[in-house]
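Chemist: Keeping the supplied structure of chain R fixed, place chains U and G upon it in accordance with the hints.
Residue numbers (my numbering), protein chains in the order written: chain R, 1 to 277; chain U, 278 to 554; chain G, 555 to 831.
Treat the hints loosely; a few may be bogus.
[Unchecked claim] What the simulated footprint calls covered on chain U by chain G, stretch by stretch (three residues with Cβ under 8 Å from a Cβ of chain G suffice, anywhere in the stretch; the number is not a length):
no.	segment
1	344-358
2	475-489
3	522-528
[Stated by the list, open to error] Calculated lysine-lysine pairs in the DSS-like style (CA-CA distance at most 25 Å, straight line):
no.	chain 1	residue 1	chain 2	residue 2
4	U	LYS495	U	LYS391
5	R	LYS71	U	LYS495
6	G	LYS629	R	LYS50
Hint data in this document are derived by calculation from the structure and do not stem from the laboratory. Ideal placement from N, C-alpha and C gives every residue a C-beta, glycine not left out.
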Amino acid sequence: MKEFALKTALDNVRATCPLVHNITNYVTVNDCANALLAIGGSPIMSDEPKDVADITSICGGLVLNIGTLNKRSIKGMHVAASRAAELSHPIVLDPVGAGASTLRTQTAAELLDKYPIAVIRANMSEAKALAGGAATTRGVDVCPDDAVTEDNLAESAAFARSLAAQTGAVVAITGAIDLIANAECAYAIRNGSPVMGKITGAGCMLTCVCAAYAVANKDSLLEAMVAAVVGMGLAGEMAAARMTPQDGNGSFRTYLLDALYNLNGDTLEAGAKVEEL
Amino acid sequence: MKEFALKTALDNVRATCPLVHNITNYVTVNDCANALLAIGGSPIMSDEPKDVADITSICGGLVLNIGTLNKRSIKGMHVAASRAAELSHPIVLDPVGAGASTLRTQTAAELLDKYPIAVIRANMSEAKALAGGAATTRGVDVCPDDAVTEDNLAESAAFARSLAAQTGAVVAITGAIDLIANAECAYAIRNGSPVMGKITGAGCMLTCVCAAYAVANKDSLLEAMVAAVVGMGLAGEMAAARMTPQDGNGSFRTYLLDALYNLNGDTLEAGAKVEEL
Amino acid sequence: MKEFALKTALDNVRATCPLVHNITNYVTVNDCANALLAIGGSPIMSDEPKDVADITSICGGLVLNIGTLNKRSIKGMHVAASRAAELSHPIVLDPVGAGASTLRTQTAAELLDKYPIAVIRANMSEAKALAGGAATTRGVDVCPDDAVTEDNLAESAAFARSLAAQTGAVVAITGAIDLIANAECAYAIRNGSPVMGKITGAGCMLTCVCAAYAVANKDSLLEAMVAAVVGMGLAGEMAAARMTPQDGNGSFRTYLLDALYNLNGDTLEAGAKVEEL
Chain R
1 MKEFALKTAL DNVRATCPLV HNITNYVTVN DCANALLAIG GSPIMSDEPK
51 DVADITSICG GLVLNIGTLN KRSIKGMHVA ASRAAELSHP IVLDPVGAGA
101 STLRTQTAAE LLDKYPIAVI RANMSEAKAL AGGAATTRGV DVCPDDAVTE
151 DNLAESAAFA RSLAAQTGAV VAITGAIDLI ANAECAYAIR NGSPVMGKIT
201 GAGCMLTCVC AAYAVANKDS LLEAMVAAVV GMGLAGEMAA ARMTPQDGNG
251 SFRTYLLDAL YNLNGDTLEA GAKVEEL
Chain U
278 MKEFALKTAL DNVRATCPLV HNITNYVTVN DCANALLAIG GSPIMSDEPK
328 DVADITSICG GLVLNIGTLN KRSIKGMHVA ASRAAELSHP IVLDPVGAGA
378 STLRTQTAAE LLDKYPIAVI RANMSEAKAL AGGAATTRGV DVCPDDAVTE
428 DNLAESAAFA RSLAAQTGAV VAITGAIDLI ANAECAYAIR NGSPVMGKIT
478 GAGCMLTCVC AAYAVANKDS LLEAMVAAVV GMGLAGEMAA ARMTPQDGNG
528 SFRTYLLDAL YNLNGDTLEA GAKVEEL
Chain G
555 MKEFALKTAL DNVRATCPLV HNITNYVTVN DCANALLAIG GSPIMSDEPK
605 DVADITSICG GLVLNIGTLN KRSIKGMHVA ASRAAELSHP IVLDPVGAGA
655 STLRTQTAAE LLDKYPIAVI RANMSEAKAL AGGAATTRGV DVCPDDAVTE
705 DNLAESAAFA RSLAAQTGAV VAITGAIDLI ANAECAYAIR NGSPVMGKIT
755 GAGCMLTCVC AAYAVANKDS LLEAMVAAVV GMGLAGEMAA ARMTPQDGNG
805 SFRTYLLDAL YNLNGDTLEA GAKVEEL
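In isolation and in its complexed conformation, chain R is listed as follows:
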C-alpha cells in the first residue's frame, strides 16, 4: 500500500466525477444516487433492456445489484454488462440475497460467469453463496455464523483470496471487519459503526461508491477498493459520533451521506484502520 495513498484514490474520484450506470434495487436507489453524488461521482439509473446499452455507453462503470431483481432487470443486466465488457468499463457486482433464493443465487452466478466482473462487494453469506454457486460442486459450506471475527480472520481472508482467484475479481466482503482481497493478498479494515446495520442500504451505497472509485482508479483497483471501504467506514464513524440521544436511524442515514460529502483525503489517511494480512 505504500506506493499508493488512499488519499490519491479519493482525489481521483473528486477530480474526474465518474459517471456510473446503476442497475439496482428500488429500496435503496435514492440513497445510492445521493451517495455517488456525495463522493463526487455522478449516477444514472436505467434497467430497461432497450435503454441500458445506450446509457452504459456514456458512463465509465456499471453497478449490478440484484436486490429486487425481476425478469426485465435481469435481462437489462445482461445487456448492460455485455456492452460494458466491450467498452472495458469496470463492473461491480452486489449479489444481494444470493443464497436466500434460487433466482438470486443463479442470477449472480451467471453474471459472474459471463462477464469480466471487476469487483464483488458482498457480505460473507452472499460471498459464500457465490463461491458455491459458481463452482460445479458446492465447494464452500456456509457457516452457521458467517460473520468475520478476529478468531476466523485468517481463514476468512483465505476464502476471500480464493474467491478472488476463482472469479478474477477484487473481492470486498464487508461487515464488522471488512476484507478486501485479490488472489495474492488481503487487507482487513476495522473502520465503521454498528449503526450502519440499522439502516437499509449501507452495503448498496458502498457498492456504488466502489464503482466510482474503480472508474477513477482503474490501474489500482485493489488499493482503490481499500480506500472506498475505509471511506465508507469512516463516514459511518463520523455519522455515529454526531448522533444525539434523540437521533436514530433516520438521522444516521442523513449524517452518513453528509459525512461522505465532507470526506477528504487527509481524514481518510488519518482515520484508516487497515491491516495487511
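Modeler: Using the frame of chain R, we list chains U and G on its own:
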C-alpha cells in the same frame, strides 16, 4: 388489555428481530425498510414471481401493499401469499387506493378472498372499498367524508368489527382517531400528529411495523396491533414535538424514524391513549 | 407579471390542494411525493397501464417523467396522457435523459407529439434533444456546453421561446439560470443554489411542483411556472443557508423539503429574482 401489556408486544419485537417479506410500492419502500429496522425487525423486499416463494419461506411474515401495483407484482403477491399461508405466516394487507381504481379494488378483494389475511391496515375509505368489494353487493356506502370522528365513533367501530367479522382479519383503520377491531371488540387510539399526513408513507410504514408486531406476537394479534398503532402514533407525537420553526415534512420524516428507533416499552405504556369501545 | 402576483400562484396551490398523478422514476419518487405534500398538493403514483386511466381521472394533473422508463411505464404514460387530454388536465413532461439514449429521446418526442403537453420542465441538454427529436430534421445542434450563462442568455431565451412555439407548451429550462418561456415572452430567474446539483431529484421534484401549480393556476400557466421555479430556487437558497460545516447533501435534501413546506407568498415575492427578457 389487562392480561397483555403493550410493553410486552414491543419487547417481543425487539427480542426476536422478525424478518418481514414486503411486496410494496416503490414510493415509500425505503422508509418502510428503515421503519422495520427502527422498530427492531428486519426487512426483505422482493416482488418477482420467481423469487418470492423462496424469500417468503425464510421470513416470518408478509406485507402485501398494493400501491404502485403492476401485473408482475400482483402475480408475485399471489405466489407469496399462497406460500405464506402454507407456512402459517401472518399476512398484513395494505389496500392502498382501493376504491380509487378498479384494479386496486379488485386486487385487494381477491387477495382478501383467497388468503388468510391476518391484519388489514387501511384508512377508512380503503376499508369501506374492501367491505363493498368483498361482498357480492355493495354493502357499505362510502360517506362523503370518511374520517372517523368523535361523532361517528360508535358507528365507525361497528363497521370495523363487521369488516373483521366478514374477513377474519384484525382490522386497523387509521386516521386522526385510529380503530383496531376484531369481530368481538374494538379500541379507539387517540395518539398521533397531523404532520403524519404531510409526509408520504406514514401508513405504509405502519403496515410494515404491524407485520413485525404480528410475527412476534402471533397469539395476541389484536393487542399487538393496538401496541403497533399506539407506538407509531407516539413516534409521530415525539417527531412533531421536536420540530423547530425551520423544520418541515423533510425533518419530520427523519424524526419519525428516529422516534421509532428510540421507542421503548415504558414510553409506550405511559403515552398510550387507548379506549375500549 | 404585474397583473398576476407570484404570491397568488402559491396561495392557489395551498388553497386547493391539487391532486397530481405521477408516472415517474423510482430513484426520486419519494422526494417527489414529499415535495408535492410540502407545497400543499397531494401525490398519487401509478404506472400500470390497467390502473392509470382510473387514477388520472380522479386527479387534476399528470406528470410524465421518463427517468427509469420501461416498456410497461411507457405504455402507462400513453394511456394516462390520453385520458388526461380528454379531461383537459395539464400534463407536465420531464424528459429525463432525452439525448442520452434513443429510447428516451424517442419516448419524449412521441409524448410531445401525441398529447397536449402543457409544460416541459427540463435542463438545456434535454430541451435541445426534444427540439431536435420533435422536428423531422435536427434543427438544433447540441452545444458542447449547454449551460445557460449571462453570455448566451439572449440566444438561450430565443431557443426556449422557439421550443414553446414548436410544442405549444410553456417551457421551463432550469439550471444556474432558469428560463421560463412561451412563444411570446421569456423570463430569466436567478434564484437557487449550486448544492441543488449535489442531490438527486431537484429537477424531478420541481417538475411535480410545477404540475401542482399548473392545476391550481390553469389560466395563468406562464406566471404560475415562474412562481413554481422561483419557489424551488428560494427553497434551495434557504436550505443552503441552513447548512452547518458538518452538513452535506443528506441534510440539504431534508432542508430543501422543509423550506418548500414553510414557503409562503410573502417570502416568494420578497426573494424572487425574475427578469423579463
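Chemist: It remains to establish, for every hint, whether it holds in the given structure.
Modeler: Consistency of the hints with the structure:
Here's how the segment 344-358 of chain U fares: 5 of its residues keep a CB closer than 8 Å to some CB of chain G, so the rule of at least three is met and the hint holds. Coverage of the segment 475-489 of chain U by chain G holds. Counting CB-CB distances below 8 Å, 4 residues qualify, and the rule asks for three or more. Coverage of the segment 522-528 of chain U by chain G holds [criterion: at least 3 residues with CB-CB distance below 8 Å; count 7]. Our distance criterion of 25 Å between C-alpha atoms is met by LYS495(U) and LYS391(U), whose separation comes to about 21 Å.
Taking the CA atoms of LYS71(R) and LYS495(U), the gap is near 35 Å; set against the 25 Å cutoff, the hint is violated. At roughly 14 Å between alpha-carbon atoms, LYS629(G) and LYS50(R) fall within 25 Å of each other, so this suggested pair holds.
Hint compliance for this structure: hint 5 alone is broken.
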